[in-house]
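So the protein lines, in turn, are chains P and L. Those letters in the first sequence? Residues 1 to 376, per the numbering used here, in order. Those letters in the second sequence? Residues 1 to 74, per the numbering used here, in order.
To be clear, the hints were calculated from the coordinates, so they are not data collected in a lab. Treat the hints with care, since some could be wrong.
Claimed, not checked - Dumping the calculated SDA-like pairs for lysine to any residue here, alpha-carbon to alpha-carbon at most 20 angstroms:
#1 L/Lys40 / P/Lys355
#2 L/Lys40 / P/Asn298
#3 L/Lys40 / P/Ile125
#4 L/Lys40 / P/Ala132
#5 L/Lys40 / P/Phe126
#6 L/Lys40 / P/Glu129
#7 L/Lys40 / P/Ala127
#8 P/Lys314 / P/Pro360
#9 L/Lys40 / P/Leu114
#10 L/Lys40 / P/Glu345
#11 P/Lys308 / P/Ile350
#12 P/Lys320 / P/Asn298
#13 L/Lys40 / P/Lys320
#14 L/Lys40 / P/Trp347
#15 P/Lys354 / P/Ser376
#16 L/Lys40 / P/Pro131
#17 L/Lys40 / P/Leu222
#18 L/Lys40 / P/Arg124
#19 P/Lys320 / P/Glu345
#20 P/Lys355 / P/Tyr306
#21 L/Lys40 / P/Trp5
#22 P/Lys314 / P/Met367
#23 L/Lys40 / P/Asn118
#24 P/Lys355 / P/Leu334
#25 P/Lys320 / P/Glu341
#26 P/Lys354 / P/Glu341
#27 P/Lys354 / P/Phe199
#28 P/Lys354 / P/Gly321
#29 L/Lys40 / P/Pro121
#30 P/Lys355 / P/Glu341
#31 L/Lys40 / P/Ile122
#32 L/Lys40 / L/Thr20
#33 P/Lys314 / P/Asn298
#34 L/Lys40 / L/Cys17
#35 P/Lys308 / P/Met339
No experiment lies behind these values; they were computed from the predicted model shown.
Each chain, written out:
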Amino acid sequence: MIEIWLAFLTGLTTGGLSCLAVQGGLLASSLANQIESDLRQSTRTAGKRKTNPTPPAGQPRMAVPIGVFLLAKLLAYTALGFLLGLAGQTFQLSPLARAVFQVLIGVFMIGSALRMLNVHPIFRIFAIEPPAFIRRRLRRVAASGSASLATPAFLGVLTVLIPCGITQAMLAAALASGNPLTGAVLMFAFTLGTSPVFFAVAYFATRLGARLEKHFMRFAALVVLLLGLFAVDTGITLAGSPVSLTRLVNNAFPQTTAASDPAVLELQPYQPFSQQGNSPETDTAADEGTITIQVLNNGYAPNVVYAKAGTPLKMRLVSKGVYSCALAFVIPSLGVQEMLEPTGELWIDIPPQKKGARMPFSCSMGMYTGVVVFDS
Amino acid sequence: MTRNIILHIGDMHCPNCAMTLEQIEDTLQGVQQAEASYQKGRMRVVYDESALSEAEIRRAVEQLGYTVTAVLPG
């Protein structure tokens, strides 16, 4: 649920503006026909009557093609999110493959940002150019002169061919979700978020001033750069690296819930699963040989767990009303990749570890992290 | 007679610029094909020499807000 809100807010803020910079041309093209036909009609009417019927800016007629364009775009991206989620589900990526994928996306985003900032022409290799025949088709459709709603609808669908940097990041998240429904909902929320900016700009001004556009592009580039660095960092975290910015930040703010009390967490006698209480509320005091970790919307508590070396352990993950990516739990060094229920618990067997070993764990996006330290 | 030239374009900021430049295929009489590449920063133009001159193509590109840094035979 939090991701969906985040996707919507990203769309509403940076996503909307960044997409407008890339796809604004298509929207303008689809509106050009309407403007032209309105102008022709008003000139004709003005000739017949002695009034000046020039329509005021923002007339309702203009809202229809904008609306159709945005609706087509929304449907196309939702369908794409569904397909990507399905692809992610079919080809279940291992944590390492996902980490590599995330780092590559990060590198792509950093390259795109440097391209947007015009650092060097070499970064243009990070631009996605549709093939010439698609560009020609787009141009012809836009200039076909028919003011029918098919044009904005077609061009709206075609925006999937020119996703902006932030959209590309969102598409990657849809793929990583590994669930067609989540992928579709994520893309729906994000694209819906971008719509008001598109609508407002197209309806009231139609074009950003050149000066504003330049500043805006710099701002968008910096956002993409930061997101790119974040993606690389979370990729490194997901690969199980003990050193990363995300871990540094997470460790700087250790979770301080009751479960982090060393007396509770340190070794307790292990009992078979059948003898243990099932309710997360009543079972905070874990048994010996069991590590209990609360899965929360904003991470794991505790996120630094001390455990006994040289003996098998059970890790018990408890979630209660959680809807964040913390539910997708990963232990890279063991190849563990589990999906928790929003409310429930999950047990993971931990084989004996050497004294002094550190076993990092994280969510599947590498955003929320923690570590088990085998110190005794 | 058909001629093929490659224009090196300055001031291209995004892939959308390629689409803008390729408009000359529809708007400039005598242009048979125009294919621009943002990545390479250039545009290949195939045109009818009897209907259009190189200078006119250059002017059309500049009117779209871009600079032509060089013109080479394609």
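Outcome of the hint check:
The hinted pair formed by L/Lys40 and P/Lys355 fails the criterion: a straight-line CA distance of about 56 angstroms is larger than 20 angstroms. Between L/Lys40 and P/Asn298 the alpha-carbon distance is near 45 angstroms, which puts this suggested pair outside the 20 angstroms criterion. For the given pair, L/Lys40 sits about 9 angstroms from P/Ile125 by alpha-carbon distance, which is consistent with the 20 angstroms threshold. Restraint check for L/Lys40 and P/Ala132: satisfied, since their Cα atoms lie roughly 14 angstroms apart, inside the 20 angstroms limit.
Using a Cα cut-off of 20 angstroms, the hinted pair L/Lys40 and P/Phe126 holds, with the two alpha carbons roughly 12 angstroms apart. Between L/Lys40 and P/Glu129 the CA atoms are separated by roughly 11 angstroms; this keeps the pair inside 20 angstroms, and the hint holds. A distance of roughly 11 angstroms separates the Cα atoms of L/Lys40 and P/Ala127; the hinted pair therefore holds under the 20 angstroms criterion. At most 20 angstroms may separate the alpha-carbon atoms for a hinted pair to count; P/Lys314 and P/Pro360 meet this at roughly 15 angstroms.
The straight-line distance between the Cα atoms of L/Lys40 and P/Leu114 is roughly 16 angstroms, inside the 20 angstroms bound, and the hint therefore holds. About 55 angstroms separates the Cα atoms of L/Lys40 and P/Glu345, which puts this hinted pair outside 20 angstroms; it is violated. As the CA atoms of P/Lys308 and P/Ile350 are separated by approximately 11 angstroms, the hinted pair is consistent with the 20 angstroms bound. Using a Cα cut-off of 20 angstroms, the hinted pair P/Lys320 and P/Asn298 holds, with the two alpha carbons roughly 12 angstroms apart.
Of the supplied pair hints, the one linking L/Lys40 and P/Lys320 is violated, its CA atoms being roughly 54 angstroms apart against a limit of 20 angstroms. Restraint check: the Cα-Cα separation between L/Lys40 and P/Trp347 comes to about 55 angstroms, which exceeds 20 angstroms; the hinted pair is violated. A hinted pair counts as satisfied when its Cα atoms are at most 20 angstroms apart, and P/Lys354 with P/Ser376 qualifies at roughly 9 angstroms. Taking the CA atoms of L/Lys40 and P/Pro131, the gap is about 14 angstroms. The hint holds against a cut of 20 angstroms.
Pair hint L/Lys40 plus P/Leu222 does not hold up; C-alpha atoms about 24 angstroms apart against a cutoff of 20 angstroms. At most 20 angstroms may separate the alpha-carbon atoms for a hinted pair to count; L/Lys40 and P/Arg124 meet this at roughly 8 angstroms. For the suggested pair P/Lys320 and P/Glu345, the alpha carbons sit about 9 angstroms apart, so the restraint of at most 20 angstroms is met. Proximity of P/Lys355 to P/Tyr306 is assessed by CA-CA distance (about 11 angstroms); at most 20 angstroms being required, the pair is judged to hold.
With a CA separation close to 39 angstroms, the supplied pair L/Lys40 and P/Trp5 exceeds the 20 angstroms bound. With a C-alpha separation of about 24 angstroms, the suggested pair P/Lys314 and P/Met367 falls outside the 20 angstroms cut-off, and the hint is violated. With a CA separation close to 14 angstroms, the supplied pair L/Lys40 and P/Asn118 stays within the 20 angstroms bound. Restraint check for P/Lys355 and P/Leu334: the C-alpha separation of about 17 angstroms stays at or below 20 angstroms, so the hint holds.
Between P/Lys320 and P/Glu341 the alpha-carbon distance is near 9 angstroms, which keeps this suggested pair within the 20 angstroms criterion. As the CA atoms of P/Lys354 and P/Glu341 are separated by approximately 31 angstroms, the hinted pair breaks the 20 angstroms bound. Only pairs whose Cα atoms come within 20 angstroms are accepted, and P/Lys354 paired with P/Phe199 is rejected, the gap being roughly 59 angstroms. Between P/Lys354 and P/Gly321 the alpha-carbon distance is near 35 angstroms, which puts this suggested pair outside the 20 angstroms criterion.
A hinted pair counts as satisfied when its Cα atoms are at most 20 angstroms apart, and L/Lys40 with P/Pro121 qualifies at roughly 9 angstroms. Using a Cα cut-off of 20 angstroms, the hinted pair P/Lys355 and P/Glu341 is violated, with the two alpha carbons roughly 32 angstroms apart. Proximity of L/Lys40 to P/Ile122 is assessed by CA-CA distance (about 9 angstroms); at most 20 angstroms being required, the pair is judged to hold. Restraint check: the Cα-Cα separation between L/Lys40 and L/Thr20 comes to about 15 angstroms, which is no more than 20 angstroms; the hinted pair holds.
Taking the CA atoms of P/Lys314 and P/Asn298, the gap is near 23 angstroms; set against the 20 angstroms cutoff, the hint is violated. With a C-alpha separation of about 12 angstroms, the suggested pair L/Lys40 and L/Cys17 falls inside the 20 angstroms cut-off, and the hint holds. Distance restraint check for P/Lys308 and P/Met339: the Cα-Cα separation of roughly 26 angstroms exceeds the 20 angstroms cut-off, and the hinted pair is therefore not satisfied.
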